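Modelling step: build the complete structure from the supplied sequences, incorporating the hints.
Protein chains in written order, with our numbering: chain A, 1 to 257; chain B, 1 to 187.
If you're looking for bench data, these hints aren't it; they were derived computationally from the structure.
One or more of the hints may lead you astray.
[Unchecked claim] Here are the computed lysine-lysine pairs in the BS3-like style, where the Cα-Cα straight-line distance is at most 25 Å: (1) B:LYS103 / B:LYS132; (2) A:LYS40 / B:LYS37; (3) B:LYS138 / A:LYS233; (4) A:LYS96 / B:LYS103; (5) B:LYS59 / A:LYS233; (6) A:LYS40 / B:LYS118; (7) B:LYS37 / B:LYS8; (8) B:LYS94 / B:LYS138; (9) B:LYS177 / B:LYS138; (10) B:LYS177 / A:LYS233; (11) B:LYS177 / B:LYS167; (12) B:LYS177 / B:LYS103; (13) B:LYS169 / B:LYS118; (14) A:LYS40 / B:LYS132; (15) A:LYS96 / A:LYS40; (16) B:LYS103 / B:LYS37; (17) A:LYS233 / A:LYS40; (18) A:LYS40 / B:LYS59; (19) A:LYS40 / B:LYS169; (20) B:LYS132 / B:LYS37; (21) A:LYS40 / B:LYS184; (22) A:LYS233 / B:LYS98; (23) A:LYS233 / A:LYS170; (24) B:LYS118 / B:LYS132; (25) A:LYS233 / B:LYS169; (26) B:LYS169 / B:LYS37; (27) B:LYS59 / B:LYS94.
Since the model is a prediction, treat every value here as computed from it, not as a measurement.
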Amino acid sequence: MKTFTKIIALSFILSSLLFLNSCSKSESTSLSNTGGSTGKGGSMARFTIANNTLYTVDNATIKAYDITNPANPSSATAITLTTSPEFETIFYYQNKLFIGSRSAMYIYDVNNPLNPVHLSTYNHVLSCDPVVVQGNIAYVTLRAGNNCGRTQSLLDVIDITNPSNPTLVKSINMQSPYGLGVYGNTLFVCEGNNGFKAFDITNPKNPVLVKTITGMFGYDVIPLPNLLLLTGKDGLFQYTYTNPNDIQWISTIPIQP
Amino acid sequence: MLCMRTKKWVHIALSILLLLLLSCNIRPQNFETEGYKPIYMPYDELNQPISTQNSTGLKNPGKIYYYNNYILVSDNGQGIHIIDNLNPANPVLKTFIKIPMNKDMAIKNNYLYVDSYKDLVVIDIGDMNNIKEINRVKDAFPNVETENALPPRDLQSTQTYYECPDKNKGIVVSWQKTKLKNPKCRL
Numbered sequence: 001m002k003t004f005t006k007i008i009a010l011s012f013i014l015s016s017l018l019f020l021n022s023c024s025k026s027e028s029t030s031l032s033n034t035g036g037s038t039g040k041g042g043s044m045a046r047f048t049i050a051n052n053t054l055y056t057v058d059n060a061t062i063k064a065y066d067i068t069n070p071a072n073p074s075s076a077t078a079i080t081l082t083t084s085p086e087f088e089t090i091f092y093y094q095n096k097l098f099i100g101s102r103s104a105m106y107i108y109d110v111n112n113p114l115n116p117v118h119l120s121t122y123n124h125v126l127s128c129d130p131v132v133v134q135g136n137i138a139y140v141t142l143r144a145g146n147n148c149g150r151t152q153s154l155l156d157v158i159d160i161t162n163p164s165n166p167t168l169v170k171s172i173n174m175q176s177p178y179g180l181g182v183y184g185n186t187l188f189v190c191e192g193n194n195g196f197k198a199f200d201i202t203n204p205k206n207p208v209l210v211k212t213i214t215g216m217f218g219y220d221v222i223p224l225p226n227l228l229l230l231t232g233k234d235g236l237f238q239y240t241y242t243n244p245n246d247i248q249w250i251s252t253i254p255i256q257p
Numbered sequence: 001m002l003c004m005r006t007k008k009w010v011h012i013a014l015s016i017l018l019l020l021l022l023s024c025n026i027r028p029q030n031f032e033t034e035g036y037k038p039i040y041m042p043y044d045e046l047n048q049p050i051s052t053q054n055s056t057g058l059k060n061p062g063k064i065y066y067y068n069n070y071i072l073v074s075d076n077g078q079g080i081h082i083i084d085n086l087n088p089a090n091p092v093l094k095t096f097i098k099i100p101m102n103k104d105m106a107i108k109n110n111y112l113y114v115d116s117y118k119d120l121v122v123i124d125i126g127d128m129n130n131i132k133e134i135n136r137v138k139d140a141f142p143n144v145e146t147e148n149a150l151p152p153r154d155l156q157s158t159q160t161y162y163e164c165p166d167k168n169k170g171i172v173v174s175w176q177k178t179k180l181k182n183p184k185c186r187l
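What follows is the structure in structure tokens.
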């Protein structure tokens, strides 16, 4: 009798394990169909993942790793520029890579993910800092001072409808811009010691400043649906927002001395 | 013959004295100046596999990454904080992954990719209570080596003195402004 209950219990355990296993299997297949589950980085990132490819930038080199088997990145395709452009940031948008450097913004086509093809180099830029893209517009911050090689800090609005020929649409004066992020009709731009700014981009080519929030160092942001994450020297700050006019602070993790 | 020999010795002694005097003029002993000294990370510390520890709070927050209700914050050069953000009004520091010389991160399907000095490291975060390194691509970022090779240039003065780095002590992670005695390197 005892052995009989044991067998029943064991088979119950086994079948439930099998059931669980089949569940996780179907989940992972559905994930891999959409290219898997990745997160969202800030604009200062030098790593980005698009489908089954991990892209990294390092000074003068762009690398593309195949991570179809995520535990085992395959040896990378590497593109090294001889001009030492000092790559600083990378942003992926709709089969293109937008790379910020000290001297320019580089656009690469990655329709063939492991073989980035250079489309254009937007040379206007001689300064630090990153780029984000939404629709046909790239937003780039250019920070002046120190090693950045510029006297005026700017937010540049660049039309990339033809990615082989980016054209400047507008320049907006800034104080000390760092990272930036875009979601829907709101563009957030970090301003270092001067906090951060929120622009209305209902007209994407004409960002309108609607709110400045100060009291912390703004280094980088990630705008999620209704939730803004901001980091800097003073800690991690979170805000809810529905539009650039309506931004509410909800929490802070301050730094520990 | 004997006289000749003495003369020779006098000559040698005099020239040595002259050389000493000259070198004193070029660089007086106990020459002291403002400059930079390298801050090292020893190789055994650099080459340790990643480990986790209880978070002692944010120190120098840098880059951020958002993944499935978690926020990852890179603490400049030390590692990555993992923050449980299920309730954004009350984010909770869960754990700290110690990663020497880390700056960047990205995640796919519970695999966290990070840089640790020259290496690309793959970390399994599928079980937040058992975070572990599972793979490492050596020398993925060879250019990092040049990043701290020289101190920042002092824009006010024409030359910047610094203590010459000693490769045996480890890698240079930063430069500290300090008073230097007889520095042998300068920009």
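How the hints compare with the structure:
For the hint linking LYS103 (chain B) to LYS132 (chain B), the alpha-carbon distance of about 18 Å falls within 25 Å, and the restraint holds. For a cut-off of 25 Å, the pair hint linking LYS40 (chain A) to LYS37 (chain B) is broken: about 38 Å separates their Cα positions. Proximity of LYS138 (chain B) to LYS233 (chain A) is assessed by CA-CA distance (about 31 Å); at most 25 Å being required, the pair is judged violated. Pair hint LYS96 (chain A) plus LYS103 (chain B) holds up; C-alpha atoms about 23 Å apart against a cutoff of 25 Å.
In summary, the hint linking LYS59 (chain B) to LYS233 (chain A) is supported, as the alpha carbons are separated by about 8 Å, within the 25 Å threshold. Distance hint between LYS40 (chain A) and LYS118 (chain B) is fulfilled; the C-alpha atoms sit about 24 Å from each other, no more than 25 Å. In summary, the hint linking LYS37 (chain B) to LYS8 (chain B) is not supported, as the alpha carbons are separated by about 45 Å, beyond the 25 Å threshold. Taken as a hint, the LYS94 (chain B) and LYS138 (chain B) pair is broken in the structure, with Cα atoms around 29 Å apart against an allowance of 25 Å.
Under the criterion of a C-alpha separation no larger than 25 Å, the hint pairing LYS177 (chain B) with LYS138 (chain B) is inconsistent with the structure, at around 32 Å. At roughly 21 Å between alpha-carbon atoms, LYS177 (chain B) and LYS233 (chain A) fall within 25 Å of each other, so this suggested pair holds. Distance hint between LYS177 (chain B) and LYS167 (chain B) is fulfilled; the C-alpha atoms sit about 20 Å from each other, no more than 25 Å. Of the supplied pair hints, the one linking LYS177 (chain B) and LYS103 (chain B) holds, its CA atoms being roughly 23 Å apart against a limit of 25 Å.
A distance of roughly 18 Å separates the Cα atoms of LYS169 (chain B) and LYS118 (chain B); the hinted pair therefore holds under the 25 Å criterion. For the hint linking LYS40 (chain A) to LYS132 (chain B), the alpha-carbon distance of about 22 Å falls within 25 Å, and the restraint holds. Taking the CA atoms of LYS96 (chain A) and LYS40 (chain A), the gap is about 16 Å. The hint holds against a cut of 25 Å. A C-alpha spacing of about 23 Å is found between LYS103 (chain B) and LYS37 (chain B), which places the hinted pair at or below 25 Å, so the restraint holds.
The suggested pairing of LYS233 (chain A) with LYS40 (chain A) holds, with an alpha-carbon distance near 21 Å, which does not exceed 25 Å. Between LYS40 (chain A) and LYS59 (chain B), the direct Cα distance comes to roughly 22 Å. Compliance with the 25 Å bound is thereby established for this hinted pair. For the proposed pair LYS40 (chain A) and LYS169 (chain B), the alpha carbon gap of about 38 Å is over 25 Å, so the pair is violated. Proposed proximity of LYS132 (chain B) and LYS37 (chain B) is contradicted: the alpha carbons are some 35 Å apart, above 25 Å.
Of the supplied pair hints, the one linking LYS40 (chain A) and LYS184 (chain B) is violated, its CA atoms being roughly 47 Å apart against a limit of 25 Å. Using a Cα cut-off of 25 Å, the hinted pair LYS233 (chain A) and LYS98 (chain B) holds, with the two alpha carbons roughly 19 Å apart. Between LYS233 (chain A) and LYS170 (chain A), the direct Cα distance comes to roughly 30 Å. Violation of the 25 Å bound is thereby established for this hinted pair. For the proposed pair LYS118 (chain B) and LYS132 (chain B), the alpha carbon gap of about 19 Å is at most 25 Å, so the pair holds.
Note on LYS233 (chain A) and LYS169 (chain B): the hinted pairing is violated, with a Cα-Cα distance of about 30 Å set against a maximum of 25 Å. Taking the CA atoms of LYS169 (chain B) and LYS37 (chain B), the gap is about 13 Å. The hint holds against a cut of 25 Å. Distance check on the hinted pair: LYS59 (chain B) and LYS94 (chain B) sit about 15 Å apart at the alpha-carbon level, within 25 Å; holds.
Checked against the numbered hints above, the structure breaks hints 2, 3, 7, 8, 9, 19, 20, 21, 23, 25 and satisfies the rest.
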